[in-house]
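Protein chains in written order, with my numbering: chain W, 1 to 427; chain X, 1001 to 1535.
Some hints could be false.
As the list claims (entries may be wrong) - Chain W regions said to be covered by chain X (calculated; three or more residues, Cβ under 8 Å):
id, region
1, 153 to 163
2, 313 to 327
3, 360 to 371
4, 388 to 396
5, 400 to 411
Stated by the list, open to error - Pair by pair, the computed Cβ-Cβ distance ranges are:
id, chain 1, residue 1, chain 2, residue 2, range
6, X, Ala-1179, W, Arg-218, 46 to 56 Å
7, X, Leu-1449, W, Arg-287, 35 to 45 Å
8, X, Leu-1374, W, Arg-288, 27 to 37 Å
9, X, Ala-1179, W, Gln-220, 38 to 48 Å
10, X, Lys-1439, W, Gly-355, 31 to 41 Å
11, W, Arg-287, X, Arg-1328, 49 to 59 Å
12, W, Gly-355, X, Ser-1415, 32 to 42 Å
Derived by calculation from the structure, the hints in this document are not laboratory data.
Predicted model only: the values in this text are computed from it and were never measured.
Glycine included, every Cβ here is placed at the ideal spot set by N, Cα and C.
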Amino acid sequence: MRLVVTGASGYIGTRLTHLASERGHDIVIASRKEPTYFTTSWLYFDLLSLKALALPKETDVVIHLAANTTQADYFDKEAEVITAQRLVKSAQEVGAKFIFVSSQTARPDAPTSYGITKWRIEQVVLSAGGNVARPGQVYGGELRGLFGTLVNTIHNLPLLPAFIPAPKVQPIHVDDLAEGLLRIAERNDINPRIYCLATPKPVSFSEFLKNITKSRLRCQRLFFPVPIIAIKTLALALGDSLQTQLRLDQLLSLFDLPFMETASDLEELGLTLRPLSAGMHPSGNDRRRGLLQEGHALLSYVLKEPPCSAVLRRYVRAVEHVRNGNALGLPKLFLSYPIFLSLLDYSTWADKTKGVEFSWRLDAATMLAETTPLGAYRFLGIGSRNGVLISLLSIINAMTCEIFWRLLRVLFSPLIRFFWGRARGAA
Amino acid sequence: MIPDFDVIIIGSGPAGVSAAFPLVESGLLVLMVDGGTKATMPPPNNAFLAIRASDNDQWKWMIGEEFHALRKIDAASPKLRVPGLRYVFEGYAELNQIVSHNFLSVGSLATGGLSNAWGCGVACLSRYEMSDFPVNFEHFRQSYESIAKRMGISGCHDDDMADYFGLDAWAQRPVQMDALHSHMYQRYSIHNAKLASMGFRLGRSRVAALSEPYASRMACDLSGNCLWGCHRRSLYSALNDLTSLCKYENFRHVSGFVVEQLAQKEGYWSINGREGKHRDIRSISAHKLILAAGTLATTKLALGALKMQKPVRVLSNPTAAFLLWLPRFTGVARNNTFGLGQLSFNLKLPDETSVFGSTFSTTGIPISEFARHLPTGRRYGIDLLRNLLSSCVVGNLFLSGAYSASEAKLQNDGSLVISGGYKQQVTHTMNRLMKNLRKAYWMSGAILLPGSFKIGSPGSDIHYAGSLPMRISPRAGETSSNGELHGLPGIHVVDGSCLPTLSEKSHTLTLMANADRIGRIVSASSDFTHTTTKP
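Whenever a hint applies, use it, and build me the whole structure from the sequences.
Have a look at this one:
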C-alpha cells in the first residue's frame, strides 16, 4: 500500500513510518524539508502554508499526524484547520482513505486551543467520510513529545508532585499506537469513525510517573502531595497568556481528561496493548527482565547462592542465541524462592514440551554456573576443607534434602501441575 | 598427458601421514589434501584446577563464546562439547554427504584429522589377532616399530598387560599414576592369582603421550587438560608429522580441498572436489591415489568410484562406560593428574569373549557431565558429586567389532547412508561383563556404582573399520594385501576401512602401521614419472 504521512518525523510519525516500511508499505513523506534518513519519496507539505497538496494518484491512505504544538496565535490555528480541509479534499480526489490522528483532549470546549483545533479538524475529517484516531497518553521508545518532556523533568526534579485527587491517564505504547494506526489503514471492512486507542482501564497519573521512575529511569523519587485546587487557583490568577507560557494549560488539560471508552475499538482492530510495566522498559518489552528473573532463580538454585551478574547475563544471552529467547513463565513462587525448584527438577511428570525446555534451561544454568571460579568452589570443592567425615556428612545431608523434596514432589504434584499450567496460560 | 603428481593422499590424519613418509622419502612427488579446518582458540595453558579456581574467562574455552557446549548438549561424547575442538568435528557428515540412522558418524576435516581429539590409546595386534590380515606378521611388526618410535608412546611397565599391548620395547616409562589408580593396582597385585583365574588382567595404560620430552614436544606435566587440548603437545597428533613432511621439497599440502569424487582421466586418476572459501571445483590428477579420509568418507569415495550400491558392513566396537568408587579415598582433596587412561584391563570370559578397557581420573571432566546422569535433582546432585567424585574413576570398555551389525550403502544421489546396530547378544554380553567387572574391581578396592554402567549407542566408539577389507583374493568392494581396490588399480585404501577385522584393542597404531606398510609397497613400485631418485 502507498501511504502518505504528514508529521513523519515526529514522536509517533517515526515509529509509524518504521513499522509501515517493515511491513512492506510504500511511504511518501509529506514535510517541509526533504528527509535524509529515509530512502523514500517526498512531497512538499507545510501545515501553515494554506497551499493545496497534490497527492500522487496511487495513494491508498493519507495519515495526518502533523500538528502545531508550539504556541499558536489565532491565524496559525485557522491555517491548520484550512490546510486540513485542503488535505481531506485532495485525498477524496485520489480516492485515498484519510486517517487523522487527534488527541484525547479533543473537545469543542477543551481548556487548550490545541484540543479545540483538534476537535475542529475532526469534524472536517468525519464529515468527509474519513477516520479519526484518538490516542491516549503516548509513552515509550525515544524520549520525545510529552513523554520525553515528562521523563526529562522527572530526571531533573528531586521530588515529584502527587496530585490530589490523582488525575487518571490512559497510556498507550507508541509502537502499539503505530500498529493500531496501520491496522485502521490496512483494513477495508471497517466504517469510518472515531477510534479511541488507549488502555481501557485508566491508571492514576502518580502510578504512571512511578512506572517511569522504576522501569525507564531506574531511580527513586519521593512524591509530595499537591492539591489540584492550588494549581487551578494559580492558573486563574495568572491569566490566559501566562498560563500558556508556563505550560500550565497542558497540566490543566491533564486534570480534565475525559474518559475514553476504548475496549470495543481495540477489540475490533484485534489490538492487544502491552502492559505498562513492560512497555516502560527502554527495550519496549520486559522479555529480558523475565529472562533475568528466570536465570537468577535457576542459577541460585544450582549455586545455592545468588549468581554474579556476569553469569546471569551469560544465561540470558545463551537463551536468546540458542533457544527462542522467551522466559519459561515460571510461577512467582519459584522465582522468589529458588529452592522450590527442587519440586520441578524432575521432568518426567510435566507435559512433554514444557519438561524438555525446562531441562535444557537447567542444564545450561548448571554448565554456566560451573564454569566460573565460584563454580569451581561449589562443584569441585576447591578450597574447601577435606576429610572423610566432612564428606560423608555432606553426602548424607544432601541425600536427606533430596529425599525430603522427593516426598514433597509426590505429595504436591497435582498442585504443581495446576500452578504451572496456569502460569503457562498467563505467559 | 603427464599427471600433476605421482601420488595424491586424501586426508592428513594418522593414516595419511603414515603412508606419506615412505612415499616422500623415496623421492616421489606427493600431494596431500585435507578439509583444512584449523584450531581457532589456543588450549588452556595452565593446570586445570588452577585455572578453574582463578580464570573468569574459563567459560570461553569450556562452553564457548557462541555457546557451543550448549548447542551440543545432546551429543553422546563430552569431546563433542569442547568448543576448542569444534573445528575437528565440524562439517564432516554434511560435506561428505553422510546420512546416519542409529549411528554416530564422526570424522574430521581438520588438518591432522581425528588425532587432534583422540584418547591416545595404542596397542599391537598379536599374531593370532592378525590371522585374517593378508600380511606377513614380522614385516608388519617392523612397521609397528617405526610408527611407535615416531609417535612417542609411554607406558612401558613390567606388568600383566605388557604382552597384551606388545609394544613396551618402543615405549617410554609410564606417565605418573594418581593415588586412586596406584591403590587399585596395589590391591590387584595382591589378588593377582585369583583375578587371573577370573580372566582379569590389569596393567598400566600404554598411550601416545610423552613421559619424557621428545623432539620439540614436552613431557606431560599432569596439568589435566587432556580433554580440552594439550598446550605442551605431549599427546601425539598427526599435525606433528605434517610439519616434518612439509620440510621435504617433493611434498605439497593443499588445505581446504574436500574431495567429492574420484575419476579417471586419460589413463590416470584424478580427484574432483571443492576448494577454498568460494568452493571452486578443481581437479587434480596423479598416477596413484591413497585414500585416508577416515573410514566413512573413504568408503563413500571408493563405492562411488566402483559404482557399487551393495551395502558394505561397517565394523565398530560396542562400548560402555561406568563409574568406580574407592571408599577409602572419600573426601580427599583433588589433585592435578593425567586425564587419559592410567590403568587398562583385559577381561576374557570363558567363551573367549575378550574385552578391553581403561580407567581414568574424573578431574578434567566437567561435573555437569556427571550431574546429568544422576537420578537426583541438580542442586543436591552437585553436593553429592562434589564430595564423592574425587574418590571415583571413570572406566570404559570396548567389545570386538565382530559384535557390531552396522552397514553403509551408497545411494543414487551419491550420498552414503549408514544404518547402525548391534548383534543381538551384545546386551546379554554387556550384563555378564558388568557382573564380572564388579567382582574384579571389588577385589581391587573399588565399587562399580550401581546404575552407572551405561552402554553406548552404535558408532559412539568412533573406531569404524572394515568396510573395504584387505583379502588375499579380494572381490568387488574389497582390497588386496597392499590396500588396492579390486577393479580399480592405482587406488589404495590405507585408513581403518581396509582392516579386515576390528579387535577390542585400540586400533590407531595398527592402522598407522598398515598405512606405513602400504606406503612402502607403493613407493617401491616403478610406475611413476616424477621420481627424483630411482627405487
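These are the hints, each one checked on the structure:
no. : hint                               : verdict
1   : 153 to 163                         : violated (count 0)
2   : 313 to 327                         : holds (count 5)
3   : 360 to 371                         : holds (count 9)
4   : 388 to 396                         : holds (count 7)
5   : 400 to 411                         : holds (count 3)
6   : Ala-1179/X x Arg-218/W: 46 to 56 Å : holds, 53 Å
7   : Leu-1449/X x Arg-287/W: 35 to 45 Å : holds, 43 Å
8   : Leu-1374/X x Arg-288/W: 27 to 37 Å : holds, 32 Å
9   : Ala-1179/X x Gln-220/W: 38 to 48 Å : violated, 57 Å
10  : Lys-1439/X x Gly-355/W: 31 to 41 Å : holds, 38 Å
11  : Arg-287/W x Arg-1328/X: 49 to 59 Å : holds, 52 Å
12  : Gly-355/W x Ser-1415/X: 32 to 42 Å : holds, 35 Å
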